[in-house]
Amino acid sequence: MDCVVNCSAYANGRKADSVEIDDIGEVLKRPDTFVWIGLQDPHNDMMKRIQGVFGLHDLAIEDAHRAHQRPKIEAYGEVLFIVLRTAQMNGQNIDHGETHFFLGKNFIVSIRHGSSLSYVDVRARCESTPHLLQKGPAFALYSVMDFIVDQYFPVIAGLEERVAELEDKIFEETSTRETTQLIYLLKRQLLEVKRSVSPLIDICNKLMRFDLRLIDEETRPYFRDVYDHAVRINEMVDNARELLSAALEANLSLISISQNDVSKRFAGWAAIIGVPTMIAGIYGMNFDSMPELQWSYGYPIVLGLIIGMCGLMFYFFRRSGWL
Amino acid sequence: MDCVVNCSAYANGRKADSVEIDDIGEVLKRPDTFVWIGLQDPHNDMMKRIQGVFGLHDLAIEDAHRAHQRPKIEAYGEVLFIVLRTAQMNGQNIDHGETHFFLGKNFIVSIRHGSSLSYVDVRARCESTPHLLQKGPAFALYSVMDFIVDQYFPVIAGLEERVAELEDKIFEETSTRETTQLIYLLKRQLLEVKRSVSPLIDICNKLMRFDLRLIDEETRPYFRDVYDHAVRINEMVDNARELLSAALEANLSLISISQNDVSKRFAGWAAIIGVPTMIAGIYGMNFDSMPELQWSYGYPIVLGLIIGMCGLMFYFFRRSGWL
Amino acid sequence: MDCVVNCSAYANGRKADSVEIDDIGEVLKRPDTFVWIGLQDPHNDMMKRIQGVFGLHDLAIEDAHRAHQRPKIEAYGEVLFIVLRTAQMNGQNIDHGETHFFLGKNFIVSIRHGSSLSYVDVRARCESTPHLLQKGPAFALYSVMDFIVDQYFPVIAGLEERVAELEDKIFEETSTRETTQLIYLLKRQLLEVKRSVSPLIDICNKLMRFDLRLIDEETRPYFRDVYDHAVRINEMVDNARELLSAALEANLSLISISQNDVSKRFAGWAAIIGVPTMIAGIYGMNFDSMPELQWSYGYPIVLGLIIGMCGLMFYFFRRSGWL
Amino acid sequence: MDCVVNCSAYANGRKADSVEIDDIGEVLKRPDTFVWIGLQDPHNDMMKRIQGVFGLHDLAIEDAHRAHQRPKIEAYGEVLFIVLRTAQMNGQNIDHGETHFFLGKNFIVSIRHGSSLSYVDVRARCESTPHLLQKGPAFALYSVMDFIVDQYFPVIAGLEERVAELEDKIFEETSTRETTQLIYLLKRQLLEVKRSVSPLIDICNKLMRFDLRLIDEETRPYFRDVYDHAVRINEMVDNARELLSAALEANLSLISISQNDVSKRFAGWAAIIGVPTMIAGIYGMNFDSMPELQWSYGYPIVLGLIIGMCGLMFYFFRRSGWL
Amino acid sequence: MDCVVNCSAYANGRKADSVEIDDIGEVLKRPDTFVWIGLQDPHNDMMKRIQGVFGLHDLAIEDAHRAHQRPKIEAYGEVLFIVLRTAQMNGQNIDHGETHFFLGKNFIVSIRHGSSLSYVDVRARCESTPHLLQKGPAFALYSVMDFIVDQYFPVIAGLEERVAELEDKIFEETSTRETTQLIYLLKRQLLEVKRSVSPLIDICNKLMRFDLRLIDEETRPYFRDVYDHAVRINEMVDNARELLSAALEANLSLISISQNDVSKRFAGWAAIIGVPTMIAGIYGMNFDSMPELQWSYGYPIVLGLIIGMCGLMFYFFRRSGWL
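Chains as they are written, first to last, in my numbering: chain G, 794 to 1116; chain E, 794 to 1116; chain A, 794 to 1116; chain Y, 794 to 1116; chain V, 794 to 1116.
Hint data in this document are derived by calculation from the structure and do not stem from the laboratory.
Please note that a few of the clues may not be correct.
Identical copies look the same in the list; a pair holds intra-copy or inter-copy alike.
Using 35 Å as the maximum straight-line C-alpha spacing, the simulated DSBU-like pairs for lysine-lysine come out as follows [what the hints assert, rightly or not]:
# : residue 1 : residue 2
1 : K898      : K987
2 : K808      : K928
3 : K987      : K928
4 : K822      : K841
5 : K987      : K999
6 : K898      : K808
Could you build all of it, start to finish, from the sequences and the hints given here?
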């Protein structure tokens, strides 16, 4: 499988040519032209060629080749190296992937690792607005970042929905081992999303402030927009986490209350069963002279007494909420 | 429905004219004049016209058109874009809305989304103090912000009252599932209010410090006043949240204590019922020679013994607080 | 009731005159002279007159007239506006009040709201050290602030004492609903004191650093002293809060342990009552041929067996700490 | 009792003379000479004399005379005023004391309050390294500070040991009220040590950076060394606190598990006692025609049945861990 | 045992000579040459010789000789002193060691204390890339630091695996004392790793920014790489800690739920045993006239009634999840 998804030159914001990796050197000499390369899970050789063409730093290439980095931004001389994590809902699970970028004065390389949506649509959208794309590779970077960050909104909406379902479960049903496990799993997922999202804020901040010719004044508001979305996603995650903590506490309270209810109900019924047993026991004693036993109405009277006492107890327990 | 609520020009702090959106260009050429436009849930076309007249940035227009932003302040060149969230009590619930502002050198546009009070009264009050309104559109911004922030005081007073009610419930009644649910719901509401209010502090801070000609030295103390209110609301929310946490902990303790009480009471009564059952059982045994059974006073003595022991147990349990 | 408690002019640190509000303008023209006015719950007119004489800002006057501000310091041009909260023990409760200050180059106005001690003594003490008072109104401000802050020490000592009492209650007696309520109330009081005290640190910090002619180099160590006391009070409050949290956790543990004890004791006695009942039941069966029943010593043997088993159980339960 | 422990002049790092307080003025005129005074719980007069000799600030003298300050560093003109808290193990308790310092260009005064080790040894050690002591009074300050900070290591080692003992108690024995009380007491002690130690970091930091002639470039690494120790002690305290929190949580879990065990064991034995009682009850009924009662092997069969069922129940409960 | 593991001179990145400690002075005079010394648990004399040769500070030598420092970086004039902690899995335990460095313009000394892997391989790898090693001793420092930091990845992977095992234990089995103890032990280990790793971030940060000739522009990206790894390890530790906290909470909930289950099951069976006992008791009463007793089908009817009621109760308890 070829790992080069797309490699095109753009002049004044318009697609000029699909170029081969080895011809890039030539293309970059043209004025107002930049190259946008999209790679997917590239093999070692390809990374070496890319490094050769753009003169990238060893350490960055090493990082870009391995996945499982944390989101970060690093400047190597005139080149920015950026790592982002992507996320997508996949049923009840979240699939995480990674995308790395090399951003230079007249080139951008994006490298996708693991499961993530294709950036074909993003590129097409960019090509349809040449007046924006002519701002250079920084705008291409913005477009992909914006796309990646916006992918988090449905993910978090999904998690929020599950928190809401959890609330219903907690307050409407009895707490089960499954509820507790669900809380735990949601916590773990939120933790993972948090780790992917929170460094984004810092990355966007640096992109907005970098004292570099790479990102010009006009492009910065676009990165501020990505920053704003990242902050919002971050807040939504924090919010969901706080709700989850509150739900956990409520769950614990309700388990205790339910334990109380069980104890009360048990105590009530134990009394209602225990009192007749006691009375019957007394009239089961074998004393020679127990006058009540000879009375003709002794039995029905005692039976009535027992039933009456049980009824009374039932009434009082019910009234005080024990039954 | 027309989405333009009001569109007027002000010269030297006095209302000069109601103007049409398309005539604004003319009006803005006059010296010492600014335009104040109030929109409500504007449709797409209107936003385009507003954008055209004032030369606003694409990204800001996009944000302003969609609701569900987080409170923020952003500078696009000479224009400030501000997003605030509004809140109002509606029975037990809190209705949240949003208001966006574009503030320029000689114009201010306010855009209401969702449920929020009308700003007609604010505008009227401003018009009644021309010496203040002549400070320019920044003063109009202050007036509406002050109005929005002051709306939070009754909201929080309402929440504080419900926390106080909760305290009474916790300490005076038995803990029920409803108490726990109420704590949870209050927590969620406070969380939401917190999210609306806490960015306000940062926004006011920036308005007080912005190195811009938009807000002059004289108007800044007014924004500091809004800042002060925002800080106060924020503190009230934090306070209510801490009280709620303390209430939750107290609630948990009380549930456990109540569980203890149930156990103790149950144990006490179980003993009072169990001891007679045991004694009766013994005198119900069928041994041929059980001398007590032949005694003429055997039965009353045993009965007396049973009653005496029960009385004694009752007395001791009561004294040690188990019954 | 007149709301002017005292209004005097000081020249070179010595009291020159009691002056009328309306004569202040004249007095302030003298060199090395400042005016110190003390107001209590002033009415609207008085505030207007004060505003007129010293040229104070509308917003500050508005704040100073309403109580229930948060402690803060604000500069309006050359005038500082300071809000402090006061506290006093009143039996088991804490009475909170407010004092506002306007500090100018040659005047200081203090405005008391709600319950707080009179500043007559402070003024007298200042007047007895003219070499200090001649440092100007900033020294008068220091004196009152020092007095206010020192009022917190007995308040916190009182709260610490109640925390210590609580400790004794928790570890020496059984946990009751009252203990839990007491923890909650102490938490609430500490929260309130915290809110009053913690902004003091920031206020003193600003007073020590303010780039203003109002507070000269020589007076600053005095504000650092107040700062130091504020930090100390703050730490004492935090300390008490941490102790309270630890006490709460200990309380919860002890409730659970006590629940364990109840369960164990109940289980032990249940066994001691249940075993005789079971044995008696067996010898109460009506089988025709139960040889034990005919034995002459059957009854005493079974009785002995029962008593022996109960004794044994009692011994074992006691040894393992269940009874 | 005289409160002057030692008062000596040092020239070029060597002890020149024991001097009287009143002769200090003379001594300080000599070049390369500094005075090191050690006081213990000084009375008011002595403080006044010290103040007179070195020209110290009123506020500092006031603080130095009263104990119960928080650790701090304050500059009064050319003089530094430093407050440190000392700690020593005393059996299970920790004795806290205070030492205050005045550090000037050519003098250092140390004032001990409450229980703390004598600084005689420290002085002796300093005198044995004249090449270091000639760096001036700052080195003397370093020596005493180092001594004070190093006193905390055994204190914390003692607390860590008690935390380790607590671990053993929690995991090997049953939780008792004493365990809970021990956790609470350790928490309180750690809190107190924390309060004494954590300001040290800030104090050392300031000593390392102070833009003053008091501490020269060469002496700073020594204060960095004290800083390093303070940071380490602080970390050890934090570590012990986190361990304690974890131990508390483990304790709570174990109490609940133990409660579970009690309930299960009780339930098991209740069944083993309850079933025979039920069967015996049935054969104790007085129906005229109960064929089993006439069977010659009725009694042994039922007895066998009862014993068999109890055995079976015992086996199953044991296997499922309830007994 | 000799404590010098290796002592070599490097010229232009290539190994020139193994040198004796005492000849180092000579070697360092050659241009483009640096010396790399590896020591292990050095004795006092060796440290003195090293100090003499490179002119190191007393305090640093003192620290370097004692183990049990916290990770730190300190500049003594032109020499950096660095302390790192190492970690290795050893079955279920983690072995911690320490490595200290002295980094000068043309020398590096590494001192290993306690259990840690040998740096022979690191040195070999460095020698195989002379173009990198010629950057000087800073690159040698980088190589060893990188090696030390990378040792943490398997340690944390091991801890993460144990957290995952714990999850399975918690959600699939019943909570036992062992689970709780395991949580506690994992917490303690994570706490220890955290203490070793978190200061690394600060150390790398300082190495990247130090305003020194020791680390040139070209070598800094390498330290940023170590920084990046340290941040990642730190995040992994924090993540594992948060998961552990969540697991602990889940564990507590599950213990309570399991307690609830025990109570419910007990209550159910108690009812199923108690009701027959009660009925049998009633028909065991000795009244003269109890018509049911004379009925020929009295016994089977009552027996049927008892069995029917028990069956019914069993059905209802099962349906409501109590059994």
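Structure-based check of all given hints:
1. K898 <-> K987: within (32 Å within a copy, 40 Å between copies)
2. K808 <-> K928: Answer is within: at 13 Å inside a copy they meet the 35 Å cutoff, but 43 Å across does not.
3. K987 <-> K928: within (32 Å within a copy, 39 Å between copies)
4. K822 <-> K841: within (21 Å within a copy, 40 Å between copies)
5. K987 <-> K999: Both. Shortest intra-copy (19 Å) and inter-copy (27 Å) distances satisfy the 35 Å Cα cut-off.
6. K898 <-> K808: within (17 Å within a copy, 40 Å between copies)
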